[in-house]
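Enquirer: What follows is the residue order along each chain.
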Amino acid sequence: NAGVTQTPKFRILKIGQSMTLQCTQDMNHNYMYWYRQDPGMGLKLIYYSVGAGITDKGEVPNGYNVSRSTTEDFPLRLELAAPSQTSVYFCASSYSPGQSVEQYFGPGTRLTVT
Amino acid sequence: QKEVEQNSGPLSVPEGAIASLNCTYSDRVSQSFFWYRQYSGKSPELIMSIYSNGDKEDGRFTAQLNKASQYVSLLIRDSQPSDSATYLCAVNNNNDMRFGAGTRLTVKP
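These protein sequences, in sequence, are chains A and B.
Quick note on our numbering: the first sequence kicks off at 3 and runs consecutively.
Quick note on our numbering: the second sequence kicks off at 8 and runs consecutively.
Keep in mind that a hint or two might mislead.
Unchecked claim - Chain A stretches covered by chain B per the calculated footprint, using a threshold of three residues with CB under 8 Å from any CB of chain B:
1) 63-74
2) 107-116
As the list claims (entries may be wrong) - From the derived model, a few chain A residues whose C-beta atoms are all more than 10 Å from chain B:
3) P10
4) Q19
5) S20
6) T22
7) P85
8) S86
9) Q87
Stated by the list, open to error - Label-pair restraints from in silico Cβ distances:
10) B/G61 with A/E81: 20 to 30 Å
11) A/K59 with B/G16: 44 to 54 Å
12) B/Q87 with A/N32: 35 to 45 Å
Note that these hints are calculated values from the structure, not bench results.
If you're wondering where the values come from, they're calculated on a predicted model, not measured in any experiment.
Just so you know, even glycine gets a beta-carbon here, dropped at the ideal spot from N, CA and C.
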């Protein structure tokens, strides 16, 4: 199993551009998550999904959109990129909807908006 | 506002010593608690989870939870240079996972 994969690894965007960060998991996990991590900070939840066709906002959803058309894929869309979106983005997945929710993280995408 | 607080460090301990990492949280109804290790430039990896009051041991790691005090800690015994990393405390309630900013640990040979 590859686990959770993310593409691209690095990206530089100009202000106002758009892009999609890709995330795929091959563990048949129902739950998937997008986090951002600013330098020296913890992770903040952007969006999460409890299954195909179902998404919900996390702590910091503004400026982002997601979709979940399959169990495996959970892309994150940035519209009109802003310098405040410069961050490292992590995708994660988990199997259990219960409280014993161990999340498996992808390697991250480092995004710079200039 | 649901907060998870950690001392940012850096915490420096000699090889073989016990490293003690602390975390407090504000959401009283939080139900599950996690410690993640994150090496520089890498993604977080889960090292401990704890759900009920008391201690939970796994090898050199012991997690301690006190829900009344809203406090969770991680002890690392016989610290090794390879334990040098940032340790993130995470607190979950119904998929609302909140992370602390992390404590940077350095283990000196």
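Enquirer: Flag every earlier hint the structure violates by its number, smallest first.
Expert: The structure breaks hints 1, 10, 11; every other hint is satisfied.
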